[in-house]
Each structure stands twice: as C-alpha cells, then as structure tokens.
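Kindly produce the complete structure, drawing on both the sequences and the hints.
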Amino acid sequence: MVVLTQLTSGTVPAAAGDRGDPRDEGATIFKGWGIDTCQAPSLTALRAWKDSDYRAIGVYYAGRARACPHQTYLSGGWLSSARGLGWKVLPIFVGSQSPCVRADNKRGFGIGDYPYDQGQDEGQEAANRASSLGIAPRSPLYLDMEAYDDGDDDCADVTLSFIRGWSATVRDLGYIPGFYSSAESGVRHMDRARRNGTSGLPDVMWFARWRTDPTTDGEPALGRSAWTPHRRIHQYKGNVTESHGGQKLTVDRNLVDAPVAIID
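Heads up: the sequence shown is residues 1 to 264, going by this note's numbering.
One or more of the hints may lead you astray.
[As the list claims (entries may be wrong)] Calculated pairs, SDA-like style, for lysine to any residue (alpha carbon to alpha carbon, straight line, at most 25 Å):
| no. | residue 1 | residue 2 |
| --- | --- | --- |
| 1 | Lys50 | Leu85 |
| 2 | Lys50 | Gln71 |
| 3 | Lys106 | Ala193 |
| 4 | Lys106 | Asp149 |
| 5 | Lys248 | Thr37 |
| 6 | Lys106 | Ser161 |
| 7 | Lys248 | Gly84 |
| 8 | Lys106 | Pro69 |
| 9 | Lys248 | Ser80 |
| 10 | Lys237 | Asp252 |
| 11 | Lys248 | Cys38 |
| 12 | Lys248 | Asp213 |
| 13 | Lys31 | Gly245 |
| 14 | Lys50 | Gln39 |
[Said to hold, decoys possible] Taking CB as the label site, the calculated pair distances span:
| no. | residue 1 | residue 2 | range |
| --- | --- | --- | --- |
| 15 | Ala67 | Gly246 | 21 to 31 Å |
| 16 | Gly246 | Asp121 | 42 to 52 Å |
| 17 | Asp149 | Ser225 | 19 to 29 Å |
| 18 | Asp213 | Glu242 | 17 to 27 Å |
| 19 | Gly76 | Lys31 | 23 to 33 Å |
| 20 | Asp153 | Gly223 | 19 to 29 Å |
| 21 | Leu43 | Asp153 | 40 to 50 Å |
Hints are computed from structural coordinates only; laboratory data are not their basis. Predicted model only: the values in this text are computed from it and were never measured. From the three backbone atoms N, C-alpha and C, an ideal C-beta is built for every residue, glycine too.
Structure representation (structure tokens):
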C-alpha cells in the first residue's frame, strides 16, 4: 500500500486545461493504442493480447456506479503482473453521476445536495483505493462522468462543483485528476468552464467520440491548445469484440497521449 500524504495546495491556474507537460509533475506518459473493458481481463488474456497493437488498458478500479463492481481478477498483484507484461494502466473511478445523466442505469447514483463536499469525499475514496492497489502518487485517476445534459444550467453547476471537489482532493493527495465523458456533454462542459476562467478543473481529458477517425489533436469540443501536451485520450469506438492470441474480449478502443499509472 502507498502511504498518502496531503500535499499543500498551490495556486491552480484559472485556465486549468493549460497546466503544461505532466512529465514536469513526475507523470509517466504513454502514446499509442489502448482499450478499456468493464471487467479487468485475466492475465492469460493480457498475455495473449500482446499479439495486438494495444499496450494500454483502462481499469475500472473503484466507484459506486461501476457497471462491473465485482472485479474477478483485479488486485495489486494483477496490476504488478500487467506492468510486467508491458501493459500501461489507466485507472478509472466511476463515482456519483450527474443529476441529469442520460443513461437510465446511472440515475440511481446521482450527486447529492452538497456536491463539492461529496466530490471531496469521493476523491479521497479514489485516492485511498488506488493506494491500496499499489497505484502510486503522480499517477492519473480518471473520473468517469457519463453523458449528461450540460445545457441544463442548474444541473451543470451541480456537476461541475462535484468534479472540482473531486479533482482538488485527488490533486492534493498527489495524484493527477483526469476526466472521462462524452465529447458532446461533459468534455464540452469542461472546455466551456475553462474558457469562463473556472479554476480547479481536471488535468487530463478522456473524450468519447465514436464513429470518427482516432485523434487526440482534432477534437472540436476542446480548444486547440487546451489540455496539451500529453493530456488527452480519444475513445473512438465502443463495444468491439476482438480476438488476439486465441483470447476474445469486448472492448472500447482508444488513442492515448496521456499519463498512465505508476505501479509500485
């Protein structure tokens, strides 16, 4: 287990999407192809998938709104073994969801009446769980906020407050706060907040835009120089079944240029 120490908060730039190269913060960067899948695969599958071009994997390691809360294989040992096989890990935390979330199966996990405080509590949970698995500080933790109606001002304000509370706590505990959402909802909302000068936004953007060519540079929902360099992931196709080395998995496909976990 990693021992967490609360860091002294510095001044966060108003344009939080312009924090510079995460390698300056001690991050490890991966550029290349990645996957994410609801259930962390077996090590047998990971070993077989070395025949593919994929080298990064998103792992749903914690959070009350995970679609697969019971992870059969995921453990500190699994993470160490995945690292030994050459895989880079993208830790995903699926916590409370926006009050105006679009997916029916996420509506039972809504953000409550004190969104910033709740975000802080869940940020602490995200860091503690990461630490217990041997994911070291200077690693990214990606908050999964499924698509929501960012045009509903009241709902958007609640959601943004939660995200800022979560990000502040994750950052204070030495991790890099990342954010996953639909390009046409949560990611668009984050860039609008950035342009409005909102502080304390997540440091990495993982945007879902399917049925388009993979790119980390040309996303229209993000300002051209925002969340660069090495602060973007494009999930460009979902629910694809592939087989490599005789092992079949259903995955989402990603193009990664972003921080990955440092595994102790």
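_Broken hints, by number_ = The structure breaks none of the hints.
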